[in-house]
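Asks: As a plain string of letters, each chain reads:
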Amino acid sequence: MATETATNRLARLLTMVPWLVNRQGIELEEAARGLDVTVEQLESDLNLLFLCGYGQMPDELIEADWEEGRVFVGNAETISRPLRLGVDEAVTLIVGLKTLLEVPGLTERDAIERALGKLEAAAGSAAEPATRVSVDLGDGGVDSELLARARAGVQEHRRLHLTYHVPGRDESTERDVDPMRVIAAEGHWYLEGWCHRAEGVRVFRLDRVEALDLLDEDGTPPEGVAPRELGESIFSPTEDDLLVTVRLLPGALWVSDYYPVESSVDEEDGSRTITLRTADTAWIERLVLRMSGHAVVVAPRDLTERIAARALAALAPQTHDVD
Amino acid sequence: MSAATGPAAKTERLLNLVLVLLYTRRPLSKAQIRGLVPQYGETASTESFDRMFERDKDELRALGVPLVTEEIDVLHEDEPGYRIHQRDYALPDLEFEPDELAVLGLASRSWAQASMAGPAAQALRKLRAAGVERDEGALIGIEPRLRTTEPAFEAVKDAVLSRTPITFAYRRPERGEAQVRKVQPWSLVQWHGRWYLAAFDLDREDTRVFRLSRIDGAVRSAGKPGSFEVPAGHQARVMVERSAPRGEARPVRLAVRPGAAHSLRRRATSCEEADSGWSELTLDFHDVDGFAAEVAGHADDVRVLEPVDLLEQVQTNLRATLAAHEAGL
Numbered sequence: 001m002a003t004e005t006a007t008n009r010l011a012r013l014l015t016m017v018p019w020l021v022n023r024q025g026i027e028l029e030e031a032a033r034g035l036d037v038t039v040e041q042l043e044s045d046l047n048l049l050f051l052c053g054y055g056q057m058p059d060e061l062i063e064a065d066w067e068e069g070r071v072f073v074g075n076a077e078t079i080s081r082p083l084r085l086g087v088d089e090a091v092t093l094i095v096g097l098k099t100l101l102e103v104p105g106l107t108e109r110d111a112i113e114r115a116l117g118k119l120e121a122a123a124g125s126a127a128e129p130a131t132r133v134s135v136d137l138g139d140g141g142v143d144s145e146l147l148a149r150a151r152a153g154v155q156e157h158r159r160l161h162l163t164y165h166v167p168g169r170d171e172s173t174e175r176d177v178d179p180m181r182v183i184a185a186e187g188h189w190y191l192e193g194w195c196h197r198a199e200g201v202r203v204f205r206l207d208r209v210e211a212l213d214l215l216d217e218d219g220t221p222p223e224g225v226a227p228r229e230l231g232e233s234i235f236s237p238t239e240d241d242l243l244v245t246v247r248l249l250p251g252a253l254w255v256s257d258y259y260p261v262e263s264s265v266d267e268e269d270g271s272r273t274i275t276l277r278t279a280d281t282a283w284i285e286r287l288v289l290r291m292s293g294h295a296v297v298v299a300p301r302d303l304t305e306r307i308a309a310r311a312l313a314a315l316a317p318q319t320h321d322v323d
Numbered sequence: 001m002s003a004a005t006g007p008a009a010k011t012e013r014l015l016n017l018v019l020v021l022l023y024t025r026r027p028l029s030k031a032q033i034r035g036l037v038p039q040y041g042e043t044a045s046t047e048s049f050d051r052m053f054e055r056d057k058d059e060l061r062a063l064g065v066p067l068v069t070e071e072i073d074v075l076h077e078d079e080p081g082y083r084i085h086q087r088d089y090a091l092p093d094l095e096f097e098p099d100e101l102a103v104l105g106l107a108s109r110s111w112a113q114a115s116m117a118g119p120a121a122q123a124l125r126k127l128r129a130a131g132v133e134r135d136e137g138a139l140i141g142i143e144p145r146l147r148t149t150e151p152a153f154e155a156v157k158d159a160v161l162s163r164t165p166i167t168f169a170y171r172r173p174e175r176g177e178a179q180v181r182k183v184q185p186w187s188l189v190q191w192h193g194r195w196y197l198a199a200f201d202l203d204r205e206d207t208r209v210f211r212l213s214r215i216d217g218a219v220r221s222a223g224k225p226g227s228f229e230v231p232a233g234h235q236a237r238v239m240v241e242r243s244a245p246r247g248e249a250r251p252v253r254l255a256v257r258p259g260a261a262h263s264l265r266r267r268a269t270s271c272e273e274a275d276s277g278w279s280e281l282t283l284d285f286h287d288v289d290g291f292a293a294e295v296a297g298h299a300d301d302v303r304v305l306e307p308v309d310l311l312e313q314v315q316t317n318l319r320a321t322l323a324a325h326e327a328g329l
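Protein chains in written order, with full-length UniProt numbering: chain A, 1 to 323; chain B, 1 to 329.
Hints were generated in silico from the structure; no laboratory data involved.
It should be emphasised that the depicted structure is a prediction, and the values quoted were computed from it without experimental measurement.
The reader is advised that the hints may include incorrect statements.
So, partial list: chain A residues that the calculated Cβ filter (under 8 Å) puts toward chain B [unchecked claim]:
(1) 13
(2) 24
(3) 25
(4) 91
(5) 122
(6) 133
(7) 187
(8) 188
(9) 289
(10) 291
(11) 292
(12) 293
(13) 307
Covered stretches of chain A (chain B as the covering partner; in silico rule of three or more C-beta atoms under 8 Å from a C-beta of chain B) [said to hold, decoys possible]:
(14) 53 to 63
(15) 71 to 83
(16) 213 to 226
(17) 276 to 287
Derived contacts from chain A toward chain B, CB cut-off under 10 Å, selection only [as the list claims (entries may be wrong)]:
(18) 22
(19) 49
(20) 137
(21) 150
(22) 202
(23) 244
The C-beta atom is built at its ideal place from N, Cα and C for all residues, glycine as well.
Make the full structure from the sequences, and use the hints.
Replies: Here you go:
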């Protein structure tokens with residue numbers, strides 16, 4: 001919040017007041033949580049509010065009281081309704097809803113259509129630019145019936161049996177999974193759940209699932225197990241993972257936009273040096289090998305050597321005869 | 001707290017201005033406003049008050065506050081008055097069913113980055129201001145996650161929403177040099193997980209599709225907001241799909257090491273095992289460059305048997321990779 005501008009703070013206050021007016025006596029901590037601010041920030045906001053009014057006579061000022069740990073806001077009729085939705089606000093929700101509408105086989109279409117209708121009516125002209133932003137989740141190479149079974153597993157808390165191809169090791173595995181959610185991200189569909197084989201929360205890319213069966217067993221994940229916080233990427237690296245340094249030439253700078261980089265430094269010559277943390281270097285090898293020298297592994301040295309050796313082996317005269 | 005500078009004082013001043021203009025039943029003159037908003041009363045001169053008030057008006061309007069100018073009365077016809085009409089200011093009363101709130105919550109949470117997640121959360125809070133809170137109950141079972149990590153995203157999004165012409169440097173993978181482009185940004189599309197701008201290129205006088213991740217450096221405005229119209233028949237997605245490199249489908253024969261290159265095996269139209277244990281796959285490809293890069297990614301796990309032009313392209317790629325890596329050893 002350190003960088004919040006005066007107008008952004010005003011926008012936040014104009015949303016906060018109606019929210020609080022409709023929740024008189026709400027506990028300070030609960031209010032801060034609901035408003036997604038710290039308690040200190042909320043107190044500072046309330047301190048600012050009661051200095052403001054449509055005049056400067058005491059009965060013209062907003063009343064704000066939180067002495068007993070419960071928040072009361074009064075004499076704020078003029079701003080007791082939220083400001084209309086701004087363009088960004090309307091667009092984010094409308095595009096989000098339309099994206100949901102495109103999910104194959106979704107049973108909540110009716111609710112989405114109703115919400116969309118009300119939202120568009122309420123947003124008025126702010127809704128118009130939303131027609132110029134769209135998201136095509138696509139099927140990501142996933143069979144729609146398989147996707148529907150995965151979703152049914154989540155909704156009905158039923159265990160799933162997967163035949164899953166592990167790309168790093170390039171092998172097929174069988175496993176039982178208690179599903180938590182299905183995620184669509186970065187052009188792919190994923191299933192996150194408690195994997196009995198790994199005894200941990202795992203994310204599976206659905207286009208690598210060869211078979212998925214809905215079992216009749218209860219699939220509630222063990223108590224206390226929660227989906228992971230999704231940061232910049234679906235796959236969150238851990239401290240144990242290997243740190244790989246890659247130099248990107250100008251034609252390959254996009255790599256740093258698509259993969260979770262730990263650090264990124266732009267060099268004088270227009271190249272960019274990035275570091276990535278990963279448990280499995282197979283995908284980095286594949287990525288670098290397809291970049292025609294525009295991406296170069298700088299460290300660790302044995303990975304650089306391995307990529308050079310694999311390129312050399314691929315260029316060697318054929319050692320076997322397929323015919 | 002009465003210091004006229006600093007962000008807190010400015011928020012206080014702007015909030016007072018909003019309250020005064022919403023409360024009034026008739027348009028207020030600048031002099032009246034200066035008397036009612038204490039931070040204006042403290043300004044040193046009429047000129048500095050005027051400058052401050054002009055800026056504040058613009059900022060409130062940019063925020064979406066419908067601050068209007070109206071004639072005060074016949075006696076003051078030279079002097080404009082200002083006010084904010086409650087009916088234009090307030091979000092209309094809305095009632096959402098629990099299942100509608102559930103999908104709205106999901107829509108709001110699908111934006112992964114702050115630049116879009118912030119407005120989405122704010123919007124949801126406005127819709128829920130009136131009270132209804134329940135949302136966790138309904139389980140939809142899927143979560144779209146819309147990433148907007150491209151550095152150019154925010155500037156391009158603003159330009160698309162406000163219909164403002166823009167200029168930027170654009171880098172195409174096959175050429176190192178970035179080229180300056182000047183466009184009317186028509187629409188933004190996320191397709192296969194990537195953001196694209198469908199636009200009218202003002203120099204090439206034709207429609208073009210740009211991948212946001214290839215925009216290099218700053219996006220600058222090159223005209224006024226609302227200064228062009230997007231043609232009624234514009235179909236963004238069709239344009240983006242067509243722009244994806246897709247030549248004629250051609251067959252390829254590949255030899256694949258046992259257990260390797262699963263992604264290619266899945267697309268194979270036929271697969272035969274050779275005595276060596278390697279598989280011989282046949283599949284179709286469209287774009288030599290893109291497919292050659294994919295094959296090169298598998299290095300010594302995959303060999304191209306035919307066609308020759310694809311084999312040569314793969315080998316060119318691998319030689320470049322080899323040279324670049326040997327140079328560092």
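Asks: Sort out which numbered hints this structure fails and list those numbers smallest first.
Replies: 2, 3, 16, 22 and 23
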